[in-house]
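Asks: Sequence:
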Amino acid sequence: MNWYYALGGQRQGPVPEAEIDRLLAAGTITTNTLVWCEGMENWTPLKDARPGVGAAPVAGADVPDGWIRCAATGRYFPPSQIVWLDGKAYSAEAKAGIVQGVMQGGELPSGDEALRTGPAWEQRAQLGLFKAIWETVKAVLLDPNQAFATMKRDGGFGAPLGFYMLVATAGVIISLVFNLAFQESMLAFLPKEAQQQAFPSLAAGAGSGALFIVGITVVAVLAMLVGTFVSAGILHLSLMICSGAKQPFETTFRTGCYAIGAGSALALIPLCGSSIGFLWGVVCLCMGLAKTHEINTGRAVCAVLLPLVSCCVLYIVVLVATLTMAAAAGGMKH
645 MNWYYALGGQ
655 RQGPVPEAEI
665 DRLLAAGTIT
675 TNTLVWCEGM
685 ENWTPLKDAR
695 PGVGAAPVAG
705 ADVPDGWIRC
715 AATGRYFPPS
725 QIVWLDGKAY
735 SAEAKAGIVQ
745 GVMQGGELPS
755 GDEALRTGPA
765 WEQRAQLGLF
775 KAIWETVKAV
785 LLDPNQAFAT
795 MKRDGGFGAP
805 LGFYMLVATA
815 GVIISLVFNL
825 AFQESMLAFL
835 PKEAQQQAFP
845 SLAAGAGSGA
855 LFIVGITVVA
865 VLAMLVGTFV
875 SAGILHLSLM
885 ICSGAKQPFE
895 TTFRTGCYAI
905 GAGSALALIP
915 LCGSSIGFLW
925 GVVCLCMGLA
935 KTHEINTGRA
945 VCAVLLPLVS
955 CCVLYIVVLV
965 ATLTMAAAAG
975 GMKH
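According to our numbering, the sequence shown is numbered sequentially starting from 645.
Please note: incorrect hints may appear among the correct ones.
Using C-beta positions, here's what the derived DEER-type ranges look like [said to hold, decoys possible]:
| id | residue 1 | residue 2 | range |
| --- | --- | --- | --- |
| 1 | W687 | P722 | 29 to 35 angstroms |
| 2 | S724 | G877 | 44 to 50 angstroms |
| 3 | W687 | C955 | 43 to 49 angstroms |
| 4 | E685 | V863 | 51 to 57 angstroms |
No lab work stands behind these hints: they were computed from the structure. We treat Cβ as the ideally placed atom computed from N, Cα and C, and that holds for glycine.
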């Protein structure tokens, strides 16, 4: 669920519920801050919109005697709702993130990292492979702000890379099948002599078409495997140039895999699905970087577009230089 909140007379958001908790813990908003979410008729103080929030005061508020501050959320709870781990106090609402952090990383997550447990692909062992893929794709494509606000920023390269390779490879195969089916339908409108020239792989028979799909898929998988690390490296360098790299390379890599990987699922749409998926994946990437690196969206967009703009500028410079040299060489001949 996404929330909007009023701050300085301006509407802020949308942000996920976990972000509201972090803002509350940081003292940015209070229980009297006006909030709104879908389904509410009017803007309402947070304490009325979420009655339970008043049961856990934040730092700086009036805290009942004996209540203890949660190391993950920054909010205060009665001792009965606190668990002590490694000398730190954690609340029941942070339990899922704490347990997952210990199981996957072997250590207690700190700060708001305890609230970052997503996306669903990270829980594929519990959800099952296909449900985890579906839930991750749906979350990233339909609500990227919330998906990346709760995405684990660490945890290794294997999980996000596996998600990207699995979904993107399926997208490549589906796109090839759609394209070959379209080409095959075109054969009926061409004379036999023209069929061999226009679509040689299809004219040679179904076996040749299947071999073509396998060959292209193998090449695409290898290219994606290498390209994922290269593109993530370029993107992280771009973030550094734009002063937006607030997290390590691993976070940038994970964000890119989930954003572009989810977009690849749109290859299910015949003919134009791959293009739509790539474009929306880039949009999700911009929003994702803003959430995972905790920077504004404009800076994230600049970081994503910087490599493209740089390539265009370089191309123009090389083209102008080539034309200038050609013109100079032509003048010397005369």
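Asks: Are the hints correct? Go through all of them and say.
Replies: Now the hints, each set against the structure:
no., hint, in the structure
1, W687 <-> P722: 29 to 35 angstroms, "holds, 30 angstroms"
2, S724 <-> G877: 44 to 50 angstroms, "holds, 49 angstroms"
3, W687 <-> C955: 43 to 49 angstroms, "holds, 46 angstroms"
4, E685 <-> V863: 51 to 57 angstroms, "holds, 56 angstroms"
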